[in-house]
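Here's the letter readout for the chains.
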Amino acid sequence: MIGFILADLRRLWAGSLVVVLLVALATALGVAVTLQERALRLGSARAADKFDLVIGAPGSETQLVLSSIFLQPSPLPLMDGTVLPRLLADPRVASAAPVGFGDSFGGYAVVGTSSGLVRDLEALAEGRVFAVAGEAVVGAAVDLPIDYAVKPTHGLAELGGHAHTELSYRIVGRLKPTGTAWDRAILVPMQAVWALHGMEAEHDEADAHHDHTHDEHASGGEAAHQPIEADAALDEDWSKVTPGLPAILVKPKSIADAYKLRQDYRDNATLAVFPGEVLTNLYATLGDAKKVLVGVTTGAQVLVAAAILLVTVLHVGQRRRQIGALRAFGAPRRAVFVIVWSELFALTASGVLLGFSLGFGAAKFIAGYLSAESGVAMPVMFAAGDGFLVSVILAFAAVLAVLPAMLAYRQPPAAALRS
Amino acid sequence: MRFPGLAAPALAIDSLSIPADSRVALTGASGSGKSTLISILTGLERVGQGRILWGDVDICTLSEGGRDRWRGANIGLVLQNFHLFPGLSAFENVLLPARLSGAMARDIRARAQDLLLRVGLARPTQMIETMSRGEMQRVAIARALLRRPGVVIADEPTASLDSDAGDAVGDLLIELSRESGCTLVVATHDPALTRRLDRRIRLVAGRIVEDGVIGERAA
Ligand SMILES: Nc1ncnc2c1ncn2[C@@H]1O[C@H](COP(=O)(O)OP(=O)(O)O)[C@@H](O)[C@H]1O
Ligand SMILES: [Mg+2]
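Line by line, the protein sequences are chains U and F.
According to my numbering, the residues represented by the first sequence are 1 to 419, in order.
According to my numbering, the residues represented by the second sequence are 1 to 219, in order.
Be aware that a few hints might be false.
To give an idea of the interface, some chain F residues facing chain U are shown, with a C-beta separation under 7 Å as derived from the structure [stated by the list, open to error]: (1) D21; (2) L44; (3) E45; (4) Q49; (5) R71; (6) G72; (7) L77; (8) H83; (9) P86; (10) G87; (11) L100; (12) S101.
Some residues of chain F that are not near chain U, with every Cβ distance over 12 Å (derived) [stated by the list, open to error]: (13) R69; (14) A98; (15) A192.
Here chain F is said to cover these stretches of chain U; the calculated rule only asks that three of the stretch's residues, wherever they fall, bring their Cβ under 8 Å from a Cβ of chain F [as the list claims (entries may be wrong)]: (16) 96 to 103; (17) 387 to 398.
For the record, the hints were derived by calculation from the structure and aren't laboratory data.
For glycine and all other residues, C-beta sits at the position ideal for the given N, C-alpha and C.
Extracted from the complex, chain U is given alone in its bound form:
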């Protein structure tokens, strides 16, 4: 029987191939959507995991997380210079680091921060942490050599930003991969970013209002264009008032402290958020988009199932005489049923399995591309529930194959004698 089925499929190889490919593509579509969505969710959740609590000026929570965790370029409002000293003095805070964005170099974000944060983020793969104002540490995915001189551009170069000529950073270290957007960042001392944008604490206190955006502020303050001392010693004493800051990354001492801090720093001067929580809310909104996508793929799958059913029913009709002949020579009806059923099931099942690998490959490819673009590692993987899904799909294919098999089963055998 197996020999007959294989010979039959080999003879009808072109049609069989089309059926397998159709099933494979429809399956791959669904698998790719599911895996990609999961990879995006897991990847960004893991990327946000490194950061416990983010504090910024009041505004959009999503914007704050996108800018500080995912380093998306966008102007953030600035917080008052008293927030960081207050946090550093807070007994519930294990560590707090300022972050300042706005500059870029060759598509990489230049982020001002503390040497402590650089050390906390990940171990160094080579070199050392910056020790003077004009040094930088790069993320694992930054394709620049040690000792390279980075001349930051204000804003994104492709958006018409202008180059800062007052200072260039020398790369002195490289971090190991973190799987976050920070892998594509150039980390520099916070004090240098302030200096570049004319935001020295002394003359800055007065106009460092939180409602000034970074952009407005920076372009206003830059008229001076004084050259900046690249060899100036690292000054990370932020116990006094600092210039304005777009965001502060805080590591609380305990989970209870984290919740208390989040509560205490949500007022009209600051906004404290858990990145994970913001992402969860974001996914809730994106959930609708996913529903649409899943709907579309399900529609495609139903169409494919219907098309295959139609084709096989027609096919069984065309082979009336052959099926009749099998019976005429004494084959039981059961054998005819099993032959038709197994042929169709073998085709759809191999299509489904092929589709799973195709979908996995496609998701891997897309995730790889997105990771390269964003620095956020996106884990494409099957979950335990997927095994169940495969069984459900295969069970569906098995049920689908029953209809043509039933038709063949009921085929009158006398058809063999009609020519």
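Keeping the supplied structure of chain U fixed, place chain F with the ligands upon it in accordance with the hints.
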């Protein structure tokens, strides 16, 4: 025997008896009911009225599966269009019905080989689609005889062959049925083949108009 949509019955036979080990020709114009009679004799179709007795059993009372089993065990069919299955070798084609009905007796492969040799095919592994029509019909004969049926029934076995191949097929059918002592029923237009059988039944519009021992042989 009536078909829906036809006013006159396709087959109206009061009584017909075919004794074992006889060789019968079934003749008549096209559309006269030969194939219909065959499908009834082989249990492929049930009669509307009447009975088909195999010994004491009315095969019309058997279930569909029961008739399949009965046919597989007792009837060897040879059809005009061979109904061999491409993609399989001659040998596999001979074995296929036995395989599908789970009737693979221990010596059955050896018998298939012997039968293929007996019908003059020396290469059992040859793929069926590479064979000539005459060779194909010989494979079909081997297949019909595989399970040692009591009756071999052929529906226009030579109609799609040239005369030489047709003669060879006719010879084989008659010789092999004699050798194994099985009954042979052949529906045919071929006068040469008809002449070599013992009895001729002529159908016109589903009725038997002539039934007798073939002239020359009787004389
Ligand atoms: N399934 C059917 N439905 C209706 N009419 C049929 C069917 N099968 C055969 N017939 C009719 O029965 C008659 C006998 O056909 P058939 O037995 O095939 O003749 P033969 O084999 O002698 O050429 C024909 O008139 C044919 O049209
Ligand atoms: Mg006919």
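Hint by hint, here is what the structure shows:
no.	hint	in the structure
1	D21	violated (22 Å)
2	L44	holds (4 Å)
3	E45	holds (5 Å)
4	Q49	violated (18 Å)
5	R71	holds (5 Å)
6	G72	holds (2 Å)
7	L77	holds (5 Å)
8	H83	holds (4 Å)
9	P86	holds (6 Å)
10	G87	holds (3 Å)
11	L100	holds (4 Å)
12	S101	holds (5 Å)
13	R69	violated (7 Å)
14	A98	violated (8 Å)
15	A192	holds (22 Å)
16	96 to 103	violated (count 0)
17	387 to 398	violated (count 0)
Of the numbered hints given earlier, the model fails hints 1, 4, 13, 14, 16 and 17; all others are met.
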